[in-house]
Amino acid sequence: MKLTLVTGLTGLLLLGTIVELLRRRQLREKYGMLWLAVLIIVIPLSLFPRLLDNVAELLGVASGVSLVLFLGIVFLLLVCVHLSWEVSALEEETRTLAEDFALLRAQIDADRAARDELVSTDG
Amino acid sequence: MVNGKRTLIIIPALNESGSIADVVGEVRGELPGVDVLVVDDGSTDRTAAVAAAAGARVAKLPYNLGVGGAMRLGYRYARDNDYDVAIQIDADGQHDPRYVPKLVDLLDDNDLVIGARFAGEGDYNVRGPRRWAMVMLSAVLSRVARTKLTDTTSGFRAANRRVIEMFAGWYPAEYLGDTVETLVHTARRGYRIRQVPVAMRKRMAGTPSHSPAKAMIYLGRAFAVLTLALIRR
Ligand SMILES: Nc1nc2c(ncn2[C@@H]2O[C@H](COP(=O)(O)OP(=O)(O)OP(=O)(O)O)[C@@H](O)[C@H]2O)c(=O)[nH]1
Ligand SMILES: [Mg+2]
Numbered sequence: 001m002k003l004t005l006v007t008g009l010t011g012l013l014l015l016g017t018i019v020e021l022l023r024r025r026q027l028r029e030k031y032g033m034l035w036l037a038v039l040i041i042v043i044p045l046s047l048f049p050r051l052l053d054n055v056a057e058l059l060g061v062a063s064g065v066s067l068v069l070f071l072g073i074v075f076l077l078l079v080c081v082h083l084s085w086e087v088s089a090l091e092e093e094t095r096t097l098a099e100d101f102a103l104l105r106a107q108i109d110a111d112r113a114a115r116d117e118l119v120s121t122d123g
Numbered sequence: 001m002v003n004g005k006r007t008l009i010i011i012p013a014l015n016e017s018g019s020i021a022d023v024v025g026e027v028r029g030e031l032p033g034v035d036v037l038v039v040d041d042g043s044t045d046r047t048a049a050v051a052a053a054a055g056a057r058v059a060k061l062p063y064n065l066g067v068g069g070a071m072r073l074g075y076r077y078a079r080d081n082d083y084d085v086a087i088q089i090d091a092d093g094q095h096d097p098r099y100v101p102k103l104v105d106l107l108d109d110n111d112l113v114i115g116a117r118f119a120g121e122g123d124y125n126v127r128g129p130r131r132w133a134m135v136m137l138s139a140v141l142s143r144v145a146r147t148k149l150t151d152t153t154s155g156f157r158a159a160n161r162r163v164i165e166m167f168a169g170w171y172p173a174e175y176l177g178d179t180v181e182t183l184v185h186t187a188r189r190g191y192r193i194r195q196v197p198v199a200m201r202k203r204m205a206g207t208p209s210h211s212p213a214k215a216m217i218y219l220g221r222a223f224a225v226l227t228l229a230l231i232r233r
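Line by line, the protein sequences give chains A and B. Residue 18 in this note's numbering sits at position 18 of the first sequence, with consecutive numbering throughout. Residue 140 in this note's numbering sits at position 140 of the second sequence, with consecutive numbering throughout.
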């Protein structure tokens, strides 16, 4: 019973955090939704850990709890890979921006030099 | 103009204020009529100002992108301003601009020409794991490109319009990607690669980016980059 209390409270706390972050617009919706979906699965499980025992038996896993642990780790790994992928895409985007910026600056410098030359030859 | 071709010299530079003026000056002296673009890659010294004073055009990146990042910028500049030939030269004075016409000559029958050490001229020497890495890269890349390549990490290269066009849209920013992966990519797309023996000089000023302690790591990374490049499309 004590254990159920601890896991259940943890689940609710996480849920609260996500909702609050979403409310303050600190999480992009696509990530917020992902974590909400996860919590909606996790909270019932934290209250009733034996919920998955049948499924676990079907797959040959000794207990539902091990199954949840296993699935949890797989899920977290996938999330990490996804985030690395997003970071790579972001780096490519900032790289292109940096290039555009440098090219524009070079163009402005060239224009200014050309204008200065024009002014000095005119005057 | 070099041999009647509009030529852009691209010099990637990171904290090379000690040598960049001499390098730009020498290039402009030896090759009248070429344009020089120095890509200052987030230097903390006066590289950009010194280069501009020496008569180069300067593109200053807001933060460090690495040689590959700087070079894609250079190729974009070359494409947008309609150059026939783009040539990469190091900012430390190791590359002798007098070899440039030779490289450009070979672009008549090739798409990418590399100025290579260890090919007969000069007396540049490397030992230990760094040398093994170079030997491995040369062996594999020579097969991929179906031509003899002895210095695959050379930063002395000439590209014609077709390769400029490709590099402007695709040029890896990763470590060693700018040399090794671009060679695999270029060769696989059917472009012709050739090397020309050149003598390399000592760097004029500043610090070399490699220390002996890093040689072993270099070997491992070279192997990883090469393997990845080969399994990529
Ligand atoms: N744009 C850019 N250029 C760089 C960076 N690091 C080095 N360079 C430039 O790349 C060129 C080659 O760098 P070096 O440190 O001389 O490397 P190397 O010629 O392979 O090695 P050494 O034999 O030690 O000279 C020089 O023109 C450097 O200024 C960087 O992060 N960004
Ligand atoms: Mg060098």
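It is possible that part of the hints are untrue.
[Said to hold, decoys possible] Pair by pair, the computed Cβ-Cβ distance ranges are:
(1) Leu90/A <-> Arg127/B: 34 to 42 Å
(2) Arg221/B <-> His82/A: 24 to 32 Å
(3) Cys80/A <-> Met1/B: 51 to 59 Å
(4) Asn3/B <-> Leu76/A: 19 to 27 Å
(5) Ala49/B <-> Leu118/A: 32 to 40 Å
(6) Gln107/A <-> Arg131/B: 42 to 50 Å
(7) Thr96/A <-> Arg46/B: 54 to 62 Å
(8) Leu90/A <-> Glu165/B: 47 to 55 Å
(9) Asp109/B <-> Ala37/A: 26 to 34 Å
(10) Gly72/A <-> Arg131/B: 13 to 21 Å
(11) Cys80/A <-> Asp108/B: 45 to 53 Å
(12) Gln26/A <-> Glu165/B: 39 to 47 Å
(13) Ser120/A <-> Asp82/B: 40 to 48 Å
(14) Asp82/B <-> Leu118/A: 42 to 50 Å
It should be emphasised that the hints constitute simulated quantities derived from the structure, not laboratory data. Every value quoted in this text rests on a predicted model; they were computed, and no experiment measured them. C-beta atoms are modelled at their ideal positions from N, C-alpha and C, and glycine is treated no differently.
Here is what the structure says about each hint:
Here the CB-CB span from Leu90/A to Arg127/B is close to 40 Å, well matched to the stated 34 to 42 Å. At roughly 26 Å, the beta-carbon separation of Arg221/B and His82/A lies within the given 24 to 32 Å, and the hint holds. Against the hinted window of 51 to 59 Å, the Cβ-Cβ separation of Cys80/A and Met1/B comes to about 53 Å, which satisfies the hint. Distance hint for Asn3/B and Leu76/A: a CB-CB separation of about 59 Å, inconsistent with the stated range 19 to 27 Å.
Between Ala49/B and Leu118/A the Cβ separation comes to about 23 Å, which falls outside the hinted range of 32 to 40 Å. Restraint check, Gln107/A to Arg131/B: a C-beta distance of roughly 43 Å satisfies the suggested window 42 to 50 Å. The beta-carbon spacing between Thr96/A and Arg46/B, approximately 27 Å, falls outside the hinted interval of 54 to 62 Å. With their beta carbons about 26 Å apart, Leu90/A and Glu165/B fall outside the hinted range of 47 to 55 Å.
For Asp109/B and Ala37/A, the Cβ-Cβ distance of about 60 Å falls outside the hinted range of 26 to 34 Å, so the restraint is violated. In this structure, Gly72/A and Arg131/B break the distance hint of 13 to 21 Å, their C-beta atoms being roughly 48 Å apart. Distance hint for Cys80/A and Asp108/B: a CB-CB separation of about 51 Å, consistent with the stated range 45 to 53 Å. Take Gln26/A and Glu165/B: their Cβ atoms lie about 43 Å apart, and the range 39 to 47 Å holds.
Look at Ser120/A against Asp82/B: about 28 Å separates their beta carbons, and that is not inside 40 to 48 Å. For Asp82/B paired with Leu118/A, a C-beta distance near 23 Å fails the hint of 42 to 50 Å.
Consistency note: the structure conflicts with the earlier hints numbered 4, 5, 7, 8, 9, 10, 13 and 14.
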